[in-house]
Each structure stands twice: as C-alpha cells, then as structure tokens.
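Number of protein chains: 2
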Amino acid sequence: MRRWNGWGDDTIEVPIGEGALRFLAGKLGPGAGPQDAAFDAVCAQLAPSKLPPHPLVDTTAAVRLQHALGQSLQDWLRLRYGRVEAAPDGVAFPESADAVRELLRYAIDAGAAIVPYGGGTSVCGHLDAAPGRPTLSVDMRRLRAMTNLDRESLLATFGAGVAGPDLEAQLRAHGCTLGHFPQSFEYSTLGGWVVTRSSGQQSLRYGRIEQLFAGGRMETPQGRLEIPTFPASAAGPDLRELVLGSEGRMGILTEATVRISPVPAFEAFHAVFLPDWERAETAVRAIVQARLGLSMLRLSNPVETATMLTLAGHEKQVALLETLLRLRGAGEGKCMLLVGASGEKTPSRAALGAALKIARKYKGVHAGRGLGERWKKNRFRNVYLRNAAWERGYAIDTVETAVDWPRVSPAMRAVEAAAAAALAAEGEQVHAYTHLSHLYAQGASVYTTFIWRLAGDFDADLARWRRLKTAASEAIVANGGTISHQHGVGVDHAPWLQAEKGVLGMEALRALFRRFDPSGSMNPGKLLPDETRP
Amino acid sequence: MRRWNGWGDDTIEVPIGEGALRFLAGKLGPGAGPQDAAFDAVCAQLAPSKLPPHPLVDTTAAVRLQHALGQSLQDWLRLRYGRVEAAPDGVAFPESADAVRELLRYAIDAGAAIVPYGGGTSVCGHLDAAPGRPTLSVDMRRLRAMTNLDRESLLATFGAGVAGPDLEAQLRAHGCTLGHFPQSFEYSTLGGWVVTRSSGQQSLRYGRIEQLFAGGRMETPQGRLEIPTFPASAAGPDLRELVLGSEGRMGILTEATVRISPVPAFEAFHAVFLPDWERAETAVRAIVQARLGLSMLRLSNPVETATMLTLAGHEKQVALLETLLRLRGAGEGKCMLLVGASGEKTPSRAALGAALKIARKYKGVHAGRGLGERWKKNRFRNVYLRNAAWERGYAIDTVETAVDWPRVSPAMRAVEAAAAAALAAEGEQVHAYTHLSHLYAQGASVYTTFIWRLAGDFDADLARWRRLKTAASEAIVANGGTISHQHGVGVDHAPWLQAEKGVLGMEALRALFRRFDPSGSMNPGKLLPDETRP
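The listed protein sequences derive, respectively, from chains B and Z.
102 is the number that my numbering gives to position 102 of the first sequence; each next residue is one higher, with no gaps.
Position in the second sequence counted from 1, then plus 534, gives you my numbering.
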C-alpha cells in the first residue's frame, strides 16, 4: 500500500548501509529518527468538511488526508509530525470529462476552490488547500484509458490521470513507448507532467513533455478548450503552451495526445569518470553540442560522485573501482558521467562510441556498463532512500534550475555554498552535492541535493527547511537561473517567479487565467500569488 | 534596386523558357501580361498623411507606398494595377528600442494604428494599413546589429530587424550559422520570422524558429517585456510562446537571442525518384520516423515533379533523365524526393546512406547530387519566376498547411481539387501541384502551388484570386489542417483561425493581447478579427 507520510509503496524498503550512516554521522553528526504521528490521530484533527454534499464527492477524513499534501520536505514535516493544518474538504474521482465539468460547476457554485490531483508527487506545494474557503480535490486517476492510437503519426491519446507505469504498459502492448521517465514515474500522471512541464531522464532522446504533448482537452470554468494535433503550425500563439505549466489555474486537463516512439531495439548506459569538474563540464558540453543522438547524459560533480559511491554500499567493489580509477588518473576530484543511448543498435553504438571518444579527449576513463545498468535498475528506487534517511534522523531535499553554459558552474557553486551556510547559525552542517541531469546545447539543468540533520521538532525542522529553501532559491535567481527546470512553481517557488517573468509577464498570465477562471476558483495561490485587486 | 511591385532585386531576371510557356499555354491557354501602373502615378493617388508631424516619421508618398503592401497575390494585384486603396500615413525607421517605445507613445497619442514592418515579405496581409484611422508603419531594418555572441552556449543576440543574409554574414564571420532559410530569406527579418512562426528549408536539422528563438525584448504599449534565456524551464507558461506568432498584436520585438550552430563541415543534397505517390509518401514517413539526423526532406507529388522538370528548361537533359528513370521503373507517376544532410562528414554521409537505403525499399531510384545541388543553388531564385510568369500573363500563388500522416494525402488531393475547380464557372483552368516541404514524425506540411491565367483586369483578377484562396482554405480546414504551417495568419487567413483555436481559445488570445495593448493600436485586424465589443 502507498505510504501516507513518505515515498512510495510500503512493501519497498531501500535501507541505508552502515558505511553510509557512518559517512553521514561524520559529516552531519549522529541522527535520531523522530516519532511519526499516527494516520488515525491526524485524521481526527481535520476540521469537518465545509462542502455541501454531492454524490461524486467523498468527505471522509482518511481520503481527505490522503489528498492533503504532496512530497515536498515541507509536506513530509506536516505529515510525519502530524501538523496538517489544512486538507481538502472533499475529494472527487471523476470518470469522464463531463463529470469534471459538473464538478467545476458544483465547486464554483459552492464558492469552493478546486485543486486538481494527479499522482500526489508535487514537490512545491501544488496540492495545498486554499486558505479561508472550502476546497475540492479532483483526483484524476480514474481517467486513465488509452482512447486512441495512431501508429502512422505515432500519436496516442490518454485520459490525463494515467500514471507512468500504466501509460507505458498500455503502449508497450503495441510495441510503443512515450519514453518519459521522471523520478516520480511510479506515481506521477500524464496530466501532472503537462501542467508542470515535467522532464524525463531520457529527454535527450524523447524530449521534455513540451515536445511530447501534441494536443488535448481541458475543462475550464468557461467551457471546454479543445487543442487539435498538428505536426507544426504558424497560426498564432500555440495554445498548448498556455496549458503547459498552467498548474491548474486555467482548468483541468482531462485528455492528452502524446507523441510516442517504437520501443527501442537497443539501449545501453555507460559510465565514464572524468578527472575533475572543469574537464568534465567541458567534455559533456562538447558531447551534447555534437548532437550524437544519445538518450541520456548525467554528470555528477566530485562531491556527488563520492557520496553516490559511498551510499551505494558494496564497499569492497567501490574501493577496487577507486583504486583502478586512481591508477588511470581519476582520483579525488573525479566526476561520474552516465551516457545512455536508445534506438537502433548500429546508430546507438555509434553515438556511444563518439561520446566516449570525446570524453577520452578530456582524460575520461570508461568504466563500462556496470554502473550505468545499476543506475537504470535503481532509477525509481533511489528516491526511497528519503524514507530510510528520515528514519535515521536525516532529511534529504533537492532544488533544481537550468542556466546557459557560462552560468552552470557559478550557479552550482552558489547554490551549494548557500545551502551549506544556511544552518550555520545553529551549528548544523548541510551536505550538498550536484549533478547536471539534463544537458542542452545551450546549457544544463543544475540539480542539487541537500542532506541535513533533523531537529526532531516540527517548528525547528520547518524553520531549518525554510532557511535552506530560501537560501538556495535566492542563489538560483541571483545566478540567472529559472526557479524550476522540471518541477513547476506551485506555492513554494512562487515568490521567485517574477524575477524571470517580469511584472508585465506576470500580469499577462493573470489576465490569461482570469479569462478562463473569472471567479479565481482554480488552484488559487499556485504559480501566481493571488490577485488582491478585483 | 528592390522591385516595388514584384519580387526581389530588379537586376535579377529568372526567365521562363519557351518550352515552359508552351506547357502553360497548353494547360491554361495563351497568356498576355497586363500593363503595370507606374510608381509615380500610384504615389500620386495616395491620400495625404493624417499623422501629426514627428522627427522620426517620413510621410513622403514614395516611402509610404513602399511600405503599403507585402507579397501576397492580392498585394501584387493592387500594386501592378495601381489600385492601392490604403497605405500607411507615415513610416519610421527607429535605430533603438527607446525610439520604438517613443514611436508607440506618439502613435497611440495620435489615435493611430501601428504596423510593424520587417522585410515586407508577408503573403497574408500583415502590412495592411488600418481602415478608418491613421497608420504608422514601423520599419525595423535599422535595428540589425549582432550585439552579443555566446560561443559556449551557442547563442547570438541581434536587433530584430536584421534580414537573413545580413544575419548569416555576421554569424559566418565567427564560423557560425542560424540555419534558418525560408524562401523569403533574401529579405525577411529575424523579428518577422519570430512573430509569424517561420520555418526554414532545413528545419529538420536546425528546427523551426520556435526552437531557435531563445529569448528577447519586446516594446509594448504597457512597457517592455524582457524574456531571459534558459536552456529549459518548468516555471509556468513560456512567454516566448506568446511572442511567437503574435504578429504585432502585443508589441514590437526589438531584440532576439537565437540558438546558433557551427557552420556545417559537410553538406549535400541528393535526389531520389519514387515510382508513385503511395510509395513515395510511405518512404518519406519511414525516413523521417527513423530520426536519421538529416537536414532536409522535400517530396514533390507527380504533377509537381513533372512541372518542375518542364519549367527547369534543359529539355534534352530532362528527356535523357526521364528515359533513364523509366528504364529503372520511375515513369509517369514518379515523385522527386530531395534529401539533405548537413554537419560532420561521417554522420552526415551515414544519414544520407540510411535514407537512400530506406528509399530503395520503396523502389526509389537514386539520381545523384546534380538535381539536389541545382535546387540548393536556386533555392532563393525560383521565387523570381513569379515575376516572369506575370509578365507572360500567368499568376502563381501558394497555400500551405500541416496535418498528421493519415490526413496528408486526403488534404493534398482536396486542396488541389478545390483549386482546380475554383475558376471552372468562368471556363478557366488552374494548374495545381504539391510538395511536402517539412517532414515530421507526426505528419507533414502540404504546400500547394497554383498557376492560372490573368484576366488582365483588377476586379476580375481579384475575384479569381479570392475564389481560389477561399476554396483552398476551406479544403484545408475541412481536412483538419492548420490554416498556416509557415506564413502566419495576417488578414487573409484570419477567417479560418477559429476552426483550430476554438471560440474560447480566440477569446483567450484577445484577453492576452488586450493586456499589452488596451487601446487596440497594435496591428489591428491581423491574426484576430478585431473586437467589436468594448
């Protein structure tokens, strides 16, 4: 069963080895896992529902609590410590677009806010109930069927609530794949990917969701918006681009048509170690700008490389590997680069060969397929480490941005330094490390992970998280980065959005959303801070 | 010097051979070139300027006439027959973004409409003066400098008024290219490409302008909109996508940063002849879906193939070629496919080889590089044929759309049939033929050319053109196509936009533009039919 106050299925445990715990204790001091609040106790705290009854709306406390929050560390603190201040007043599970339309009418008539719910994996507060008014959560997961498959155009149409594994299973039955694999893949949904501009681990081949979303259907308070599919169009601004990243402010996406691919005949992930960050960054830029047709590039900086090798356990093999790498020139400052190719065998092998050849120019040491295949096997399991770390008294959180190449290293260093210093006042250390998870000819995403020690008290831990999140976000904006490369804005990133959109840009988005949602009922407070003006 | 009532530089003549004329006379009947109106006579007809004087605004008749119209056939009729009913009341040539801002203020204070002017190559009425109010044309061509080059990120920033050859020359000096080559390349501008969602002949490698436009700066009546560059972002709807296709309704783009590439080390264009349309379409779909990394695919249908070979002249060589092709199975219904690759030599040759191998599966006959190189040499010259055809009494016009694969052949047949029948009532023939100019995994653009005979009288020829344009546009929409793949909407395509955007989509774009332009001064009537409501 799915964990209500942590990541994933409760039958899956990814433990932290003793070596890893020694490593964390050495860096951060010994940790102690706080006592979790009990599900029933937290249910009992919820205020009674303020929604009028409706046959489609479930107002039981358990269901409301299960839809109250997402997966941000702030959400975890509220759930684990039993401090859920707000939950939706009811949850609906529509099975058709017409039911969604009916629910919008019902909620708006009741003066309620509407929060669309996909996989519940938001890490920036997309699911928060609206303060000061009743809130209806609309859980889209029953709208999950593939309703059309066009093999000639490689297009497939799904209910927007379909989750990653279900979507891939329906496509694999026809020899096809979407190829969209965010780390949240196990639970996140197609609709959620679209409205938060998600990016998958193999976007280098398959593209971001922006490139995969070909058209669809959205129910808005002002009616249905139908977006037909064209391979390309010059007929004015592209309505798909208004839906992408709209985070529930325009309406609820009920159906999406996506661009699919045949299941690749061949796929391989290789590991290469570069001797230092400067050469690693130069090598990966040269590789991505060579347009080799790879499916993945993922470059860990020295601290992440060392941390990953430690957390991986298998101390003997790691020691052996490090000895071999040292002999071949990749010692202390080494950076691990994962290179993936997917497609026909011959061009994929040619692409991998060309990438390894470029890496060699920068003293890259090819470590074969072992680590790459291991990464692939665990790509959706590593996130479970957050559970194990919490239970041992450590919090793990991440931030990410994307910047043009000249800003990549400065942004990385600034975010890590800001995080490392954020808890100094209370004498706590933060272990921060970074990888470039998505590579572009123009630049890269910069994905930084923080590990720090829990205080064991809700208010103290919320304060620590806020200091960290604020320091990291300010460093991102100060270094010319976007406040999100792949997770969206929600509530947690909203304070920094104006830095990139500008006052006029923010006003334009407000005017746009108001046209679809005059009563301001759609996911208020998310993406754009709410209007105070009438 | 540039022709005022036709295409291009008046020192360049691309004559029609006698064989081609016999071909046209046989199809359409003998033609007679109408008498052109004189430039001075048309200037003398212009009503006096209704704009108040301003140091930056030129109100002389010659300059106003030179900015009155674009390159649509309707525009030609007005110019050639001297029936220019409306021209801007003045033309400004700003040299800075501040000057643009000052001009917007001046025009709005004067109750004037503002029409941005780039290369003057619009083929759908983007340049028409606003009826019933003074109009200021803002010619952007003095904002043409490259102001920044970021070699690491492969980004270059230009004044938005820079024209194709000037932009490429500034980049080539640094070993770089944008690789955006629409047929209008000789005159069209970067800003024009962005606001009309232009697509170049090698978009298969370089992408459409949507993929090349990384950020920029727009002056709007409500202030400056700055769009920073990020390699990717999940922070809400992408403001670039509001500017792309905005056709002057939001403001005037003054600066654009574009994604550039190193000049390719190798480039080659090959010709392949497929025996019939069915096999040709299947082959080209297989080639584009194989993601080989080609830079161009261009497939002519049988009528276009035959017409091109005839209009090319060189009757002896063509006869020889056709004999050889017939011997190898490509006879009557043959279709010419051009395949281009650009980049490093080894992968480009591999891509070409793989494409030719797929074509062979469908009985494609490789005709070598001759025709491909000839196409490359004449890629910007063929449009001059419109001048020569007119002088011999024939009109040439085109329409284009883009559709998913199952709709490609039906749309092509419907558009050709609608055009062929459009002038039947008056006993005139229309020679219609098509090529797929841009290929996508999802579908293709369908680009249809019409040739018909001029009546020699403005009203009769305008009526013929309207019947043709309407019949073709209705066929496009009825077959699920977008009203434009690469030229935009302007005035001429506006009646068909709602078919793809929907009522709600049209209203959303209106609300968006109104936020930037409350007085409705920016290029009124273009893209969206003007609001009648307050």
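In short, the hints are calculated from the structure, not lab data.
Only a predicted model underlies this, so the values are computations on that prediction, with no experimental measurement involved.
Note that beta-carbon positions come from the ideal geometry of N, C-alpha and C, so glycine has one too.
Misleading hints may appear alongside valid ones.
Computed cross-link-like contacts, DSS-like style, restricted to lysine-lysine with a CA-CA straight-line distance of at most 27 Å [said to hold, decoys possible]:
| id | chain 1 | residue 1 | chain 2 | residue 2 |
| --- | --- | --- | --- | --- |
| 1 | B | Lys-357 | Z | Lys-879 |
| 2 | B | Lys-345 | Z | Lys-561 |
| 3 | B | Lys-363 | Z | Lys-879 |
| 4 | B | Lys-345 | Z | Lys-850 |
| 5 | Z | Lys-584 | B | Lys-345 |
Label-pair ranges, simulated between beta-carbon atoms [to be verified]:
| id | chain 1 | residue 1 | chain 2 | residue 2 | range |
| --- | --- | --- | --- | --- | --- |
| 6 | Z | Gly-863 | B | Arg-142 | 39 to 45 Å |
| 7 | B | Ala-169 | Z | Gly-863 | 55 to 61 Å |
| 8 | B | Arg-172 | Z | Arg-639 | 55 to 61 Å |
| 9 | Z | Gly-863 | B | Ala-173 | 56 to 62 Å |
| 10 | Z | Pro-549 | B | Val-263 | 51 to 57 Å |
| 11 | Z | Pro-796 | B | Glu-102 | 35 to 41 Å |
| 12 | Z | Asn-916 | B | Thr-346 | 33 to 39 Å |
| 13 | B | Glu-102 | Z | Asp-632 | 37 to 43 Å |
Rough simulated footprint, nothing fancy, chain B against chain Z, three-plus residues with beta-carbon under 8 Å [said to hold, decoys possible]:
| id | region |
| --- | --- |
| 14 | 550-564 |
| 15 | 857-870 |
Structure-based check of all given hints:
no.	hint	result
1	Lys-357/B <-> Lys-879/Z	holds, 16 Å
2	Lys-345/B <-> Lys-561/Z	violated, 51 Å
3	Lys-363/B <-> Lys-879/Z	holds, 25 Å
4	Lys-345/B <-> Lys-850/Z	violated, 45 Å
5	Lys-584/Z <-> Lys-345/B	violated, 68 Å
6	Gly-863/Z <-> Arg-142/B: 39 to 45 Å	violated, 55 Å
7	Ala-169/B <-> Gly-863/Z: 55 to 61 Å	violated, 44 Å
8	Arg-172/B <-> Arg-639/Z: 55 to 61 Å	holds, 59 Å
9	Gly-863/Z <-> Ala-173/B: 56 to 62 Å	violated, 39 Å
10	Pro-549/Z <-> Val-263/B: 51 to 57 Å	holds, 54 Å
11	Pro-796/Z <-> Glu-102/B: 35 to 41 Å	violated, 56 Å
12	Asn-916/Z <-> Thr-346/B: 33 to 39 Å	holds, 37 Å
13	Glu-102/B <-> Asp-632/Z: 37 to 43 Å	violated, 53 Å
14	550-564	violated (count 0)
15	857-870	violated (count 0)
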